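The residues making up each chain are set out below.
Number of protein chains: 6
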Amino acid sequence: MRILVVNPNTTAAMTDKIGAAAAAAASSGTEIVAVNPDFGPPSIEGYFDEAFSVPGLIDAICKARGIDAYVIACFDDTGLDAARCITDAPVIGIGEAAFHMATLLAGRFSVVTTLPRSVPAIEHNLARYGLASRCARVRAANVPVLNLEAVGSDAHQRISDEIRLAIRDDRAEAIVLGCAGMADLASALSHAHDVPVLDGVVCAVKLAESLVALGLKTSKSGGYAMPRAKRYSGGFARFSPAGNNDRASDGELAPPATNGT
Amino acid sequence: MRILVVNPNTTAAMTDKIGAAAAAAASSGTEIVAVNPDFGPPSIEGYFDEAFSVPGLIDAICKARGIDAYVIACFDDTGLDAARCITDAPVIGIGEAAFHMATLLAGRFSVVTTLPRSVPAIEHNLARYGLASRCARVRAANVPVLNLEAVGSDAHQRISDEIRLAIRDDRAEAIVLGCAGMADLASALSHAHDVPVLDGVVCAVKLAESLVALGLKTSKSGGYAMPRAKRYSGGFARFSPAGNNDRASDGELAPPATNGT
Amino acid sequence: MRILVVNPNTTAAMTDKIGAAAAAAASSGTEIVAVNPDFGPPSIEGYFDEAFSVPGLIDAICKARGIDAYVIACFDDTGLDAARCITDAPVIGIGEAAFHMATLLAGRFSVVTTLPRSVPAIEHNLARYGLASRCARVRAANVPVLNLEAVGSDAHQRISDEIRLAIRDDRAEAIVLGCAGMADLASALSHAHDVPVLDGVVCAVKLAESLVALGLKTSKSGGYAMPRAKRYSGGFARFSPAGNNDRASDGELAPPATNGT
Amino acid sequence: MRILVVNPNTTAAMTDKIGAAAAAAASSGTEIVAVNPDFGPPSIEGYFDEAFSVPGLIDAICKARGIDAYVIACFDDTGLDAARCITDAPVIGIGEAAFHMATLLAGRFSVVTTLPRSVPAIEHNLARYGLASRCARVRAANVPVLNLEAVGSDAHQRISDEIRLAIRDDRAEAIVLGCAGMADLASALSHAHDVPVLDGVVCAVKLAESLVALGLKTSKSGGYAMPRAKRYSGGFARFSPAGNNDRASDGELAPPATNGT
Amino acid sequence: MRILVVNPNTTAAMTDKIGAAAAAAASSGTEIVAVNPDFGPPSIEGYFDEAFSVPGLIDAICKARGIDAYVIACFDDTGLDAARCITDAPVIGIGEAAFHMATLLAGRFSVVTTLPRSVPAIEHNLARYGLASRCARVRAANVPVLNLEAVGSDAHQRISDEIRLAIRDDRAEAIVLGCAGMADLASALSHAHDVPVLDGVVCAVKLAESLVALGLKTSKSGGYAMPRAKRYSGGFARFSPAGNNDRASDGELAPPATNGT
Amino acid sequence: MRILVVNPNTTAAMTDKIGAAAAAAASSGTEIVAVNPDFGPPSIEGYFDEAFSVPGLIDAICKARGIDAYVIACFDDTGLDAARCITDAPVIGIGEAAFHMATLLAGRFSVVTTLPRSVPAIEHNLARYGLASRCARVRAANVPVLNLEAVGSDAHQRISDEIRLAIRDDRAEAIVLGCAGMADLASALSHAHDVPVLDGVVCAVKLAESLVALGLKTSKSGGYAMPRAKRYSGGFARFSPAGNNDRASDGELAPPATNGT
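Chains as they are written, first to last, in UniProt numbering: chain A, 1 to 261; chain B, 1 to 261; chain C, 1 to 261; chain D, 1 to 261; chain E, 1 to 261; chain F, 1 to 261.
Just chain A, with the same shape it has in the complex:
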């Protein structure tokens, strides 16, 4: 099977790191295709960056062919809902993937993310997913995203310090790393702190493989129904949902999806 892993920011070095982590976690029969948008923000740090990464993310999804499942490799699960609307293939966000996996290993977990401004969006996601009660606290190590790539950064130490506090003060039994750029740190941190430390990229790859193997698809009844056919204007015209509007999904007309799968 082929899984498209989309890094929704435009930093190719980060896409490479994510792709390598994903490939290392994939089963032998799985091909990982790691891409990033042609346009948009080089890193996603807060709501504003998020908004401008979604069109590029959707564009990357629409361009791909022969994909069995999609992974969105930003811990905010940026654009997850929109992406689910245009395909019935599974679409997994790395944030949700890590949260769900953590609950299978521990009664409560804490999240360690990059910057304080990203904390509210993660908390909102936890509440929406229903898992807020399982998360003791979302912590910020105060590390900008691209510093994770920088030589000589103290990012690793800051993250490790927050993990120590999470175990001691939050009574966290497991740790979720709150940024795709931390994918390479999980194993060392788990050994250092003797609790499970989860990276969302590899969790999402395994969940995507699992859903494809089981033949399970995104529901087209309700919020993830195919977009109704209409003409978008201006630069977004090429994203206009196509198709006729006569399929009665959830009691309304709905067009076929525009993606190529």
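Simulated from the structure, these hints should not be mistaken for lab results.
All of these numbers come straight from a predicted model, not from anything done at the bench.
Even glycine gets a Cβ: it sits at the ideal position worked out from N, Cα and C.
A portion of the hints provided could be inaccurate.
[What the hints assert, rightly or not] Reference excerpt, derived from the structure (chain A facing chain B, CB under 10 Å, subset only): (1) T10; (2) A13; (3) L57; (4) E123; (5) S133; (6) A136; (7) R228; (8) G234.
[What the hints assert, rightly or not] Label pairs and their calculated CB-CB ranges: (9) B:R2 - A:R231: 30 to 38 Å; (10) E:E149 - A:A150: 54 to 62 Å; (11) F:F39 - A:D161: 45 to 53 Å.
[Unchecked claim] One-sided and incomplete, this derived list gives chain B residues near chain F with beta-carbon spacing under 10 Å: (12) A13; (13) V119; (14) P120; (15) E123; (16) H124; (17) A132; (18) A136.
Fit chains B, C, D, E and F to the known structure of chain A by using the hints.
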């Protein structure tokens, strides 16, 4: 004061209707400027349309000058978080405006929106805002957004029927109309059903006026901190957050906003 | 329009301060009438004082004439439910007003109130209103209500200290001042701490003006139905709900209200 | 021991019925003293009646002597918080009593009360107590309180009909009767419907006896601290909290209680 | 009446202490029969011990005769659901008993239990019972269960230290002792800390007496329906639910119970 | 890798069906070992059966050798917490597996289980896992577990009928089948109703494979710490936790596990 009311879809007729409702509700000293994006979806029906309306919405906000507060006139509160990041002027979504106002008049309310596919996004917003416990049920009248504008549509009757069910079956004490395009129906429906019926556009205008009058501004500490300076690539380059990154908002570097206020 | 601002305690100096704050916030066409009960507690500090302030509050409401909306100027929103039953004009509590306004400016807020004994009532209100998830913490500055009026009090410093802790430890992005007697402190504290600091009196005035301007009224269906006609005995006889009981509000007999509006 | 059962409305016939039920449930060593206020509403149907019953309720409590525990015999638990402030003897509301007892017998229960207008207050209490998740639904049989006393009323049949619906539609495993005036119906309804049917009056008596027997008292730390000494004005002067303010309960000065125990 | 108090661990000394506490709290007409299983763990510290204590607990219940109510004297309320299925007599866990009683005396309480590993199970119970919002925090004094019995143990001091922290840091207004083996400490700790300190054993005895006195029984509709008749194999054969399966409890066939009451 | 799938009831035919479903879902490198206890209930229908299935389940786990992960194939996730205490290999319940997977495909799901008496336990699990907000309703098709195996049973039709109601009345976007014995029905029901229909057995197998592949293990910090060493008496002596008590997991002594992995 000047309030920019942004209809985030591109249908000018709907912008005109929204603008007229807003102007009718505004105080004598308030100037309403109603605009819509130059590009994007002609109506917002679900997560996919939402995603493609946000850049145009932000564009419309950035182009405006001398604005004291912003109203986002889509009931899903599309792009609200992103817009709040680029200004410290108040930004009010019509969904949240109607929800908050309704709780001041009634113990519990129901929402009547257009299509079933819009129900989950509204439910998510209610949960995020904390007001899910005050909402008895989100109902869909099964009316496409643009049918609200159509001559001879049975939209009004369908909405009225759902209101009747909400009062009888949900024990709703007030009704929130779940689409900016219903702004002209509130008064007649309130008289017909003898409960408060709230339209979000006028609620948002009054809340925006109130916050401006009180000198209250969006917090720049936390999730709504100004975006960090970075270069967006491709078609979104002009939206790149500017400024230096040395202001220590919530413990991190943050640039000035890019908007013109 | 005329708004009756009722300070439910009997301390006239506090009524004056509240009235001045309300008048300063009111629009040019709004007349603020600030009153307090003839009888009852001189300050409201906990559940017992609350109970004995409500009859005087209702009395003050019933005596007023030509009122378009009511503001209850105690942060506990004392008597709010009872007051809403006897009029279809809007009735706004200053606690709820500040909470709702704060959520439009910030993801999460903390409350700084006077005495520890007032904390539980405020927490109960937050839970009832549905906004507990938006409030990081209710803090007490350990200042008795009437000390806020005292010359040479360290009240201002204590409140400022708690705000500092709220921003640092609660991750509060905005602050709500938890007592009507703090109405004059909001602006200075906001500048000092660089986050929005909200006083409920002025928030309530603007919300009341807004609802009146929009023609929105308290729902008479459900919990705020007009009281059923009956004879109260003893000193409360003059508060007996009048009217016939044959109007079928929410499936039962309900009398006209006794208030003079 | 002596338990004061206060019916907070002024209808002596209802006090008699409540007193008889309480006495029948009391242990051999327990003396039940059933009283009602000298002044106030003859029945409590909604928030407005509630507010005017509390001073009479407190008056009745203050007049009593040698009381070991108090039961407030209105299902809304009217005045419960205020009453707890003036004594360290246990004070039990019949609503809370029935809710807690029901959870010991069944996974979920429904409430059947009198009028629709009483439903919101009961729902608020359930949320405050934390037991909302255990209550499937609060139903109104649409019976005015004093009709429960009327000869030839169809009240019993209406209540029984609602119980049947609660079992069938709410999946209720137990029923709580939502009015002190239903105290005599519980046993027959339990037999008729083959599920536990709980009356709050007898539940509250047993809980009060239990707490007294165990020597457990109301906490004076926090919300139920003794009222601070101050002079109430006008007709409420006699309720002024006495005592010095130098006891450092929860970090503040607090006076001795005014009650006679 | 006869109440069977089952200590679900096999340590007879602890059973004696629990039985003595129960007997001291019982009314004059109540006979306390304190037993423990013949087989299973000597103390219950975590989920694994819990699982192996339930068959012995059920065995002890089935062997008893002429019992009016059951108390399960482990703070985790081990086996409570299973026990409720085989009798319509009340079955009370000491954990739930203490939680419910505490809410009648204080707005919020903290729990002080033995070991950290027991905290999650207690938190789960609080959430299930609906009382999580009333509990400020579950604290562990880090004392193994059987050390409570040891001469010269510092257990009492550790527990007292945690209570002090709970009052100061959790704003706890009452304390619940989280282990049956602490039954003898409640009174001294309450005096030392001047807040109510509750032991579950005596609370459960009084609740059991109350329910029996009121003739209230466990609902057999829903989750506590009598077990369906079937043959258990191996060592558990003697626990096989007997009876015919033709009684239509909650829409299905259900057999008479196997217990001896 | 080797995954032990334990059917916690003793019905070998059901174990065979579960094992076949698990093997069909497993990856090529995965060996499925399907077992059931030697002793205990032949089906698990409610809390009483649950309690008597756990020792046999633990016994089956302890007897197995060379296992990389465990699946507990009862939809109530019977014994899940106890099993997690004795191994650091992943242990997955089929109920939780299906719930988590469903949330990746749909905004809300309903559960269709066998008998009404099983509904409360499933609801409790959903609340504990944090996913109650994602589940619209738990429905019972009123089919005894072993009827699922019976020739000529109308079980399939009843389940299909409930699914239809769940889609129509609960607005369910996906369906979770609430019994291991329904594992063979998912595909046909999904096609018939055009929404995802999830069986927990196959979901759990894929999650277990995923966790093993990622090297993730059950946290030994907190509730799933290894059981403390102690001697169980009687028939359970062979389950006594072994090892020394000197490892300071979560601040206390903890022994090595007793299982053979």
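Cross-check of the supplied hints:
1. T10: holds, 5 Å
2. A13: violated, 14 Å
3. L57: Where the cut-off is 10 Å and the nearest Cβ of chain B is about 9 Å from A:L57, the hint holds.
4. E123: holds, 9 Å
5. S133: Constraint on A:S133 not satisfied, violated at 13 Å.
6. A136: The hint is violated - A:A136 has no Cβ within 10 Å of chain B, the shortest such distance being about 19 Å.
7. R228: Since chain B brings a Cβ to about 5 Å from A:R228, closer than 10 Å, the hint holds.
8. G234: A:G234 check passes; min Cβ-Cβ to chain B is 2 Å, inside 10 Å.
9. B:R2 - A:R231: 30 to 38 Å: Since B:R2 and A:R231 have Cβ atoms about 32 Å apart, the given range 30 to 38 Å holds.
10. E:E149 - A:A150: 54 to 62 Å: holds, 58 Å
11. F:F39 - A:D161: 45 to 53 Å: Taking Cβ atoms as reference, F:F39 and A:D161 lie about 50 Å apart, which means the hint holds.
12. A13: The hint is violated - B:A13 has no Cβ within 10 Å of chain F, the shortest such distance being about 32 Å.
13. V119: holds, 7 Å
14. P120: The hint holds - B:P120 has a Cβ within 10 Å of chain F, the shortest such distance being about 5 Å.
15. E123: For B:E123, the interface hint holds, since the closest Cβ of chain F sits about 8 Å away, which is under 10 Å.
16. H124: This hint holds: B:H124 lies near chain F, its Cβ roughly 9 Å from the closest one there, short of 10 Å.
17. A132: holds, 9 Å
18. A136: Result: violated, 14 Å to nearest chain F Cβ.
Hint check: violations occur at hints 2, 5, 6, 12, 18; the rest are consistent with the structure.
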